[in-house]
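Starting from the known structure of chain C, arrange chains G and A on it as the hints suggest.
Taken in sequence, the protein lines are chains C, G and A. Start counting at 1 in the first sequence, then tack on 42, and there's your number in our numbering. Start counting at 1 in the second sequence, then tack on 2, and there's your number in our numbering. Just so it is clear: in the third sequence, position 143 is 127 by our numbering, and no numbers are missing.
Since no wrong hints were added, every one of them can be taken at face value.
Taking beta-carbon pairs under 10 Å as the criterion, some of the chain C residues facing chain A (in silico):
(1) Pro74
(2) Pro170
(3) Ile175
Rather than coming from a laboratory, the hints here were simulated on the basis of the structure. The structure displayed is predicted, hence computed values, not measured ones. A virtual CB, placed ideally from N, CA and C, is assigned to each residue, including glycine.
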Amino acid sequence: MKRLIFILPIIGFVGLAGFLGYGLTQDPKELPSQLIDRPLPEFALPGIADAPNGGPGLVSASFKGEPRLLNVWASWCAACPQEHPVLERIAAEGFPVYGIAWKDKPEDSRAFLARYGNPYSGMGSDFPGRTAIDLGVTGAPETFVVDKKGRVRFKQIGPISPEIWEGQIKPLMQQLRAEA
Amino acid sequence: MLAEIGHYALILALLVAMAQAVLPMLGAVRGDAALMAFGRSAAACQAVLIAIAFGALMTLFGQADFSVALVANHSAISQPLPYRLAATWGNHEGSMLLWVLVLSLYGAGIARFGDNLRTTLQARVLSVQAMISVAFLAFALFTSNPFARLSPAPLDGAELNPLLQDPGLVFHPPLLYLGYVGFSVTFSFAVAALLEGRADPAWARWMRPWVLAAWVPLTIGITLGSFWAYYELGWGGWWFWDPVENASFMPWLLGTALLHSAIVTEKRGSLAGWTILLAILAFSLSLIGTFLVRSGILTSVHAFAVDPERGVFILAMIIGATGTALALFALRAPQMKSGALFGSISREAGLTMNNLLLMALTAVVFLGTFYPVIMEAVAPANKISVGPPYYNLVFVPLSVPLLLLVTVGPMLAWKRDDLAIVGKKLLVPAAITAVLLAGLTAWTGLANAVAALGLALGGWLILGAVLVLVRRWWGAGGFSWRLVRTTPAASIGLALAHAGLGFTTAGIAAMTTFAAENILVMRPGETAVAGPLSVTLRDAQEVDGANYRALRARFTVQQGGRETTLVSERRFYNNSRNQTTEAGIGVSVLGNQYVAIGDVQSDARGQGLVVRLYWHPLVGWIWFGGLLMALGGAASLSDRRFRIGAPQQRSLPLAPGLVPAE
Amino acid sequence: MLRLAALAAGLLLATPAAAVMPDEMLADPAQESRARTISKDLRCVVCQNQSIDDSDAPLAKDLRLLVREQITLGKTDAQVRDYVVARYGNFVLLKPPVEGDTLLLWVGPFAVLILGGIGVLLWQRRRPASAADTPLSDVERAELDRLS
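Bound-form chain C, shown alone (with noise of 0.2 Å):
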């Protein structure tokens, strides 16, 4: 009894030691999404069009019948570039990829996409900021993985890479066209 106070203080320190090490392998940045298994928050963006009330913009009540990509993004964002290519492969092998520019100036949304190209489906405005707070946006670029009855089923926090895409997000996708 009297041995085991002595040693308490070794077995606390061995519990510290792991949780400080799994907690290396951890980035304390990533916030777990709120919207897992939970229906998209709902919004009506205007578009980014050189038009009356920016032309087409997004609604989220669209995001029905089919898996979608929502991959919100600005043209100030350091990572969308790099991760740019990668969202037209996924477009051109025929996934939805749908956009909200994130507190970004249409015209510079467009110029952005008139020089790297433009994979997305559809695209809305979100320059105040709101649609971004429902959907718990820390930073861009973040995407999420929508399932046909518009519920948000992964959320990718940062770029997408080509290995993410083949390794979690591709099959989820085709898990998803395969669900009733």
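Below, chains G and A alone, put in the same frame as chain C:
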């Protein structure tokens, strides 16, 4: 060439440290005096070698030798020389070099000032110290070599963050390191005691000056850092419960506990095992603090240069050092002799309570800092944050009993005391404090009762500290100069430190409740109010500085019929394209007037300057108290009985029982 | 505090500009003061360890505006907090909720005090009578004297 000399000196230091880690220990086991003496020479040699390396790096910074990668990445020609020199430790690699320098200086100190130490104990302490050295030197050489060359050398370097171009930077990190690394000495003492199987009063007395030698600079470092944040970061906060701050606060809390428990071990031979454990934990928390800062395991206000590889290395060091020490503790401590018993009302009991409360406070900071990491492992979907509201709710209630105890403790007699006698001694300070509390509550209103309590507690502490000296100076026959002259420095240290805590407490209480602010858009000629201040914006113009351009605004501040002029600047640094805010601060005993300017913005009346006006009552007391605590520690350190290495004046040995007790 | 040392490690600190801007503020002082209090308890999710009240990050500003908007819509303080938590999780609360997961965080320090106190009492009781009062031995005394 200089870089290579520095690099070479560092490698030699590593080799010397390796020998020092093994040979003196062997000497202590075998009773070989020559091997033990080698430890002393090696410690001195190691310090000289690392000093050469550090001097080389500093010279490289002074010469702006951009062929060294570190110099190129962290200094520029346009920087004033003192800041270029300070840049030596203004980066990861250089600060690690400073760390090993301090470590080796402490080692040399043990060798030089440890003449009256048991030779076997000294040899073991030096060996343990060298083991820590080996780990850190290897870390510096293999993962963070400060002398790496850059080819081709750039014409100019990248400027140091302008926020760091401040006198605060020159002193703050070295002081903190003196503190953190200072606890390596007590750690070595603890491990050596476990190896010897002996932790007696003499051991505690040998160790105590080293505890103070670490605690004093740590106290100053924390105080200075808080002050620096207050005047440089531009919004007037003085403590943020940031993980990086907590990393320095935890060793301080444990160091404070150690300071007090070591007294019990020294005077009465009790609590030896506990003192050893505290000495191990204080250094371990310093190491974990380093780990926090360098690994990026936690996010803080500072965007860390996240480097998991360094994190792995430091974690391995922590596991090696703390793990071994605690395993040794589990094996050896149960067999150690426990000292004298004490009554439940006694000085020892008071100091034990002090340690319990300090442990609880450390637990608050520890859990607050690490709980997010633990949650991440246990419940990854439920990430949490722990911020100031948590600390305020849990830290404050636990610190109140501790603060109450601080004045009671020094009045208790060793071994056994009588509640009635203690009560009588406490009658006067308790009565004065009660009146103070009632008066303050009446004055500030019942809604601010917590602040009134904090202020009254401050009064209670200062009063208690004064009483310690008063009771010593007024003997049975009234006041006597002889008693004043013979007051041990340690008693004066106690009084200063406890009074300092009182000032800090009062400052925090006032600052948390009665601070006033006003954020608005102002145009020249306009006047605004913040608490008792009435502030007029006189003018705003652009000015040129050494390596920046600035927008400078002048204010007239009126308070209680007195008028002062304050200037705030918003600086734009050309090279790094950084911006900083220099606040205008009007300092007085009662509080600080604080004005800071921001961007140009429009309000209902047109365009103007965003202005933040603050009244910070008693805020200076927070830092004054911190410095007073450090001064108290320094006074204790100067006590004749601690004068380590001083020629031993041995007059008549004191008869048992006449050893002065404090 | 260590702030400097951290910076010293070659790091960049967010521009120390202050956060709340005059043009964000609500006209009603009572509502504005509520907004400030709520903002101080909400963590800025991009700068990570500052409240949205202290941060000058754009997202923090958005959230400050959102808090104020919810207040003007007549929501209670708790409702405003829940609104933000629904989007970002408990992570945004600088004061974590008291739940099963966080129990140790909240009661841990008090447990240290109470268990420590019990431990000290037991330790005092357990001591064998023979060790009742062992003052410093002569050897120890002599060694101490040598040091003084």
